[in-house]
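For this one, chain Z is given, so just place chain F on it according to the hints.
Listed below, chain by chain, are the residues.
2 protein chains.
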Amino acid sequence: MKIFVDMLTAHTIKTIQSLDKKKYRQKYNLFLVEGNKIIKELPDSDYEIENLYSVNPENLSFKTEEIEKILPNELKKISFLQHPKDSVAVCKIPENKILKDVSIQLILDGIQDPGNLGTIIRLADWFGIEQIICSNDTVDVYNPKVIQATMGSFLRVNVCYTDLEEYLSTYQYPTLGTDMNGENIYKIEFPEKFSLIFGNEGNGLRASTENLISKMITIPRFGKNQSTESLNVSMSAGIILGEIFSKK
Amino acid sequence: MKIFVDMLTAHTIKTIQSLDKKKYRQKYNLFLVEGNKIIKELPDSDYEIENLYSVNPENLSFKTEEIEKILPNELKKISFLQHPKDSVAVCKIPENKILKDVSIQLILDGIQDPGNLGTIIRLADWFGIEQIICSNDTVDVYNPKVIQATMGSFLRVNVCYTDLEEYLSTYQYPTLGTDMNGENIYKIEFPEKFSLIFGNEGNGLRASTENLISKMITIPRFGKNQSTESLNVSMSAGIILGEIFSKK
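Sequences listed follow chains Z and F, in order.
Residues 1 to 248 (full-length UniProt numbering) make up the first sequence, in order.
Residues 1 to 248 (full-length UniProt numbering) make up the second sequence, in order.
Since the hints were made in silico from the structure, they are not lab data.
Each hint can be trusted.
Straight-line alpha carbon distances no greater than 30 Å define the calculated BS3-like cross-link-like pairs of lysine-lysine that follow:
#1 F/85 - Z/21
#2 F/224 - Z/97
#3 F/224 - Z/92
#4 F/187 - Z/248
#5 F/37 - Z/224
#6 F/248 - Z/215
#7 Z/27 - Z/145
#8 Z/145 - F/21
#9 F/40 - Z/224
#10 Z/76 - F/145
#11 Z/224 - F/145
#12 Z/187 - F/248
Just chain Z, same shape as in the assembly (with noise of 0.2 Å):
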């Protein structure tokens, strides 16, 4: 490790910045991820860091990595939090991702806040699923909102973007698109190997989609009144996955 401080230039400041947009990320093809707790677990990851900035560089004990040490007031002008934490690290995006053969995976079509694609991931992951394919206009995961949401686990889940119609037409398993109308999810039987589908927060999925779904799910609901809002995404995706797996 070594720790190096040097004041951060104006040019550094806006590139960093400009992060906050996908099109400056595929640009420079970088990213950003935030607080020691994440950035100590990316020497272990397929990520590889280009640039470490930290207030507190002691406490990340990196065998490789070059730190640079920054002021506080450093870090504000290249942190995206409300509440900057301890280090910055501006890490590269892979290069195209390879799709695995998994057992159970998500497909989401069109999801468009960050939280809600974070908080997918970090379900993801605890239930120890490894693959998200997500729609072109799915929100990008390596917006800075959407990053630490993961809390971490987009280091772990593998999440891929492609032609949805495209990829479903070829895949070769069942399909479980969710929605309003479905089968309950309470009396059906998940299939051994399958995709979850989850559509855009407001839209629900595309008829696009719909079309090439083997099967629609719900979960019911058992509050009488009907003006009760539907569930967002990110919860139904938690309680159908929790269902999934009370059953292995």
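Frame of chain Z; chain F shown alone:
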């Protein structure tokens, strides 16, 4: 319905803005409900509207209420939302709520995050759970962020604050606490009548609460990685309620 147009006085604006703080909500005995969708449900609920402000009163087909038509820039001043909706209702905080005798209820021991409390109230409503007992230091249900996160479900769930230690020492039915080292939720039988207890986001259940609990339960982690962050409290509540109701 009587619509009248008047400029909001600086005093009114200041009073409404102060309802962001518990101290002032208690002083005036008032809280805010935003958005026509939820406001339309108020006349059929136990809540009484003190004042109703709207940029489009025509869309609120109320019989008895007086509605004050305001301008979008006035709405901006009295709304707590980043993107204000159409209307703001100033409602009366009900006097002492009466505890109901229900079969399944939730108990919250020091939940701090308004989003978590709101989400848990929304979940309770989905599953038809009519009562949530909160420790006195749990975030206030009339906090505007809580009300917003419930998506109207606060109208249907009885949320009461009390001294938990005192309450639990006289409560007659089984109490199930949730933490990382309890019995597997998939391997236990849930009683007919009981309370499900969740602790603070960072610290879990207080020792004084845990001492009074019949059994601790846990959602098993299926992912193999030890560094996977434990699930957020509202997500845990969703998964456990999902499991309880899978047997109903």
